[in-house]
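Engineer: Protein chains in written order, with my numbering: chain A, 1 to 239; chain B, 240 to 640.
Because the hints were derived from the structure by calculation, they are not lab data.
No residue lacks a Cβ here, since even glycine has one placed at the ideal position from N, Cα and C.
Treat the hints with care, since some could be wrong.
Claimed, not checked - Ranges between beta-carbon positions, derived for each pair:
hint	chain 1	residue 1	chain 2	residue 2	range
1	B	Leu-608	A	Asn-178	50 to 60 angstroms
2	A	Ala-134	B	Arg-559	45 to 55 angstroms
3	B	Val-245	A	His-143	14 to 24 angstroms
4	B	Leu-608	A	Thr-65	18 to 28 angstroms
5	A	Arg-81	B	Ile-241	17 to 27 angstroms
6	B	Gly-516	A	Asp-82	41 to 51 angstroms
7	B	Val-590	A	His-144	43 to 53 angstroms
8	B	Phe-615	A	Arg-81	22 to 32 angstroms
9	B	Arg-559	A	Gly-73	20 to 30 angstroms
10	B	Leu-608	A	Ala-134	46 to 56 angstroms
11	A	Gly-140	B	Leu-608	50 to 60 angstroms
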Amino acid sequence: MASSGAPIIEFRGIRRTYGTGEAEVRALDGVDLTIRRSEFIAIMGPSGSGKSTAMNIIGFLDRPTEGTYLFEGQDVSELNRDQRALIRRHYLGFVFQGFNLLARTSAQENVELPLIYKGMGRAERAARAAEALAKVGLQGREHHDPSELSGGQQQRVAIARALAGDPEVILADEPTGNLDTTRSREIMELLVRLNREDGITIVMVTHEEDMAAHAGRLVTFIDGRVASDRAMPARRAAR
Amino acid sequence: MIWETVRLALQAILRNALRSFLTVLGVVIGVAAVIAMVTIGQGSSDQVTASVASLGTNVLILRPGRAMMGPGARDDAPEFRLADAEALNALSAVAAAAPVSSSTLTAVYGNANATTLVTGTDTSYLDVLNWSVVRGRGFTDPEERSGAAACLIGETLRQKLFGNTDPTGESIRLRSVSCEVVGLLQVKGASTFGQDQDDTIIVPIRMLQRRVTGTTDVSSIRVALAPGVTTARGIREIEALMRERRRIGIGEDDDFSVTDMAEISSMLTGINNVLTGLLSAVAAVSLLVGGIGIMNIMLVSVTERTREIGIRLAVGAQARQVLMQFLIEAVVLSLIGGLIGILLGLALAYVAAQFMAIPFAPSLSVILLAFVFSAFVGVVFGFFPARSAARLDPIEALRYQ
Ligand SMILES: Nc1ncnc2c1ncn2[C@@H]1O[C@H](COP(=O)(O)OP(=O)(O)O)[C@@H](O)[C@H]1O
Ligand SMILES: [Mg+2]
Chain A
1 MASSGAPIIE FRGIRRTYGT GEAEVRALDG VDLTIRRSEF IAIMGPSGSG KSTAMNIIGF
61 LDRPTEGTYL FEGQDVSELN RDQRALIRRH YLGFVFQGFN LLARTSAQEN VELPLIYKGM
121 GRAERAARAA EALAKVGLQG REHHDPSELS GGQQQRVAIA RALAGDPEVI LADEPTGNLD
181 TTRSREIMEL LVRLNREDGI TIVMVTHEED MAAHAGRLVT FIDGRVASDR AMPARRAAR
Chain B
240 MIWETVRLAL QAILRNALRS FLTVLGVVIG VAAVIAMVTI GQGSSDQVTA SVASLGTNVL
300 ILRPGRAMMG PGARDDAPEF RLADAEALNA LSAVAAAAPV SSSTLTAVYG NANATTLVTG
360 TDTSYLDVLN WSVVRGRGFT DPEERSGAAA CLIGETLRQK LFGNTDPTGE SIRLRSVSCE
420 VVGLLQVKGA STFGQDQDDT IIVPIRMLQR RVTGTTDVSS IRVALAPGVT TARGIREIEA
480 LMRERRRIGI GEDDDFSVTD MAEISSMLTG INNVLTGLLS AVAAVSLLVG GIGIMNIMLV
540 SVTERTREIG IRLAVGAQAR QVLMQFLIEA VVLSLIGGLI GILLGLALAY VAAQFMAIPF
600 APSLSVILLA FVFSAFVGVV FGFFPARSAA RLDPIEALRY Q
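Given these sequences and hints, build the entire structure.
Structural biologist: Next comes the structure, spelled out in structure tokens:
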């Protein structure tokens, strides 16, 4: 892993518009943002301010309409679908508000999913998945289906899945949006630990100040622009 | 990676066992129908071929009247006589000519009785028909000439009258004649026309003429041609002789017919093949419909599994991997359907063969063809849904409820 503190994600004048003419929506309207390796960033902002749009572009699920996206210093604004899939596969992990686990599929198999696409053999996959599940505190639950797990546990499985592929960045769009306060706090503590102990860069969207307080930096979006960007003195990110 | 994908496809299929089963039902039925049709068709074809063999090779049948298959009317052509058969026997083209006269009679033994076909003929008959006696003996020339009451019985009749006991030496009654069973005939099976050839009694023709029918008529003559004699030449010589004997003038039509049984049988085989072909075509259409069924449900499955596809794309699956996954799933699914269909079709054909009393004749090439065809159905009808899965936008797919 490259040295901590080097820029890993850089947005320069990123715009993302939907529709054309009268109906044009500027979801992102000229965003400049630099995220450094091993940072833990919280993104806040009113609904419709472009947080998810930004996350999708950061996560190579979407492309900017205009502007430059540098990932590890490389211009990736023009990558095609397959190239973006490869970056997701090798550098990124996703955690969604709705967990997005495969139904009728054990925790173990859910966690193995990204590893299959990494071309890993069965034995190694199983070992990695078990390790990731242990890391999120789910040892012994490997063979449970999502339907047999609580919301908090399901989100842990999702984090284990994001983790198993050994990503540089974990992107979490409202990861605690469906959880109660206690579960939310547990998930946040887990993310903080991954950031501190493993130096994984974490970008998280949240609505709750409490959750954002776990991050080292808070970026606020309003109307598709960055309205404020400040370090959080209370908590520090991984050194 | 391909095995991995196949394994995952199997998992996905088993995860939804009921839906998977309903998906392939069309293919199962289609393949089962094709396999059953072809197997039954082949069996009845074999049956025809076997019955051709049971006619004896190079056998012709002479009958009085214009055409054998004519509508009932026998005109007023005179019947044959025993002398006609003797004259035919004298031809060098003829190996043997057996006169035949038959009558449907009730045979009685003790308390048992059975109505059966009684054929009067001479000693060459069994040779002409390639038939033999498995127990006891055939009747002798002297017995034939004297019209002795000696009879040969077929296996079916033996079962009806004697069960499994040895019939030889016993006497059965035909009308008022008490007839000694001298031999038991080898099992011959069903004829080309489906009659049980073992439900029969063979007696010296003179016995039948004198003591049962009371005429000297011979209703047909079965002729085996000598080795090396072509059917055409045989027919020509026989016709010439019979025209002379029956005093038919030049320019007049024959008042008898000579039929080549092998020809009729091959015609029946032809009809049989056409029927099998037609039924198989119908079955193949149902296979096509089955394929469309697979496509339909796979398309539904793409919609249902939109979110799954989104998740796979998010964790780094490329479009072609999603395509392969769905395609392989469709192929594995239709192969499973094909396999079940093959087994079901064979089972159906087996049961049908028992009922129709025809041989069970599974054909490896047809089974392989059905298997390959089901894979093909999977590829063709799996492709469209797989492509629409691969084209999904990951964000849309993830958002899908
Ligand atoms: N696929 C889309 N088509 C059209 N408009 C969209 C689409 N996705 C997002 N938007 C619009 O872009 C703006 C930003 O949306 P989003 O990034 O989801 O906001 P947030 O996550 O901050 O609530 C909103 O006005 C939303 O309606
Ligand atoms: Mg959002």
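Engineer: Evaluate each hint against the coordinates.
Structural biologist: For each hint, the structure was consulted:
1. In this structure, Leu-608 of chain B and Asn-178 of chain A meet the distance hint of 50 to 60 angstroms, their C-beta atoms being roughly 53 angstroms apart.
2. The supplied range of 45 to 55 angstroms is broken by Ala-134 of chain A and Arg-559 of chain B, whose beta-carbon atoms lie about 34 angstroms from each other.
3. For Val-245 of chain B and His-143 of chain A, the hinted distance range of 14 to 24 angstroms is satisfied, since their beta carbons lie about 23 angstroms from each other.
4. Checked against the hint of 18 to 28 angstroms, the pair Leu-608 of chain B and Thr-65 of chain A fails, with Cβ atoms roughly 54 angstroms apart.
5. Between Arg-81 of chain A and Ile-241 of chain B the CB atoms are about 22 angstroms apart, so this pair conforms to the stated range of 17 to 27 angstroms.
6. Range check, Gly-516 of chain B to Asp-82 of chain A: Cβ separation about 48 angstroms, and the 41 to 51 angstroms hint holds.
7. Between Val-590 of chain B and His-144 of chain A the beta carbons are some 46 angstroms apart, a value that agrees with the proposed interval 43 to 53 angstroms.
8. Taken as a hint, the range 22 to 32 angstroms holds for the pair Phe-615 of chain B and Arg-81 of chain A, whose Cβ atoms sit roughly 29 angstroms apart.
9. A C-beta distance of roughly 29 angstroms is found between Arg-559 of chain B and Gly-73 of chain A, which places it inside the suggested range of 20 to 30 angstroms.
10. Distance hint check: the CB atoms of Leu-608 of chain B and Ala-134 of chain A are about 52 angstroms apart, consistent with the given range 46 to 56 angstroms.
11. Between Gly-140 of chain A and Leu-608 of chain B the Cβ separation comes to about 51 angstroms, which falls inside the hinted range of 50 to 60 angstroms.
In summary, the numbered hints that this structure violates are 2 and 4.
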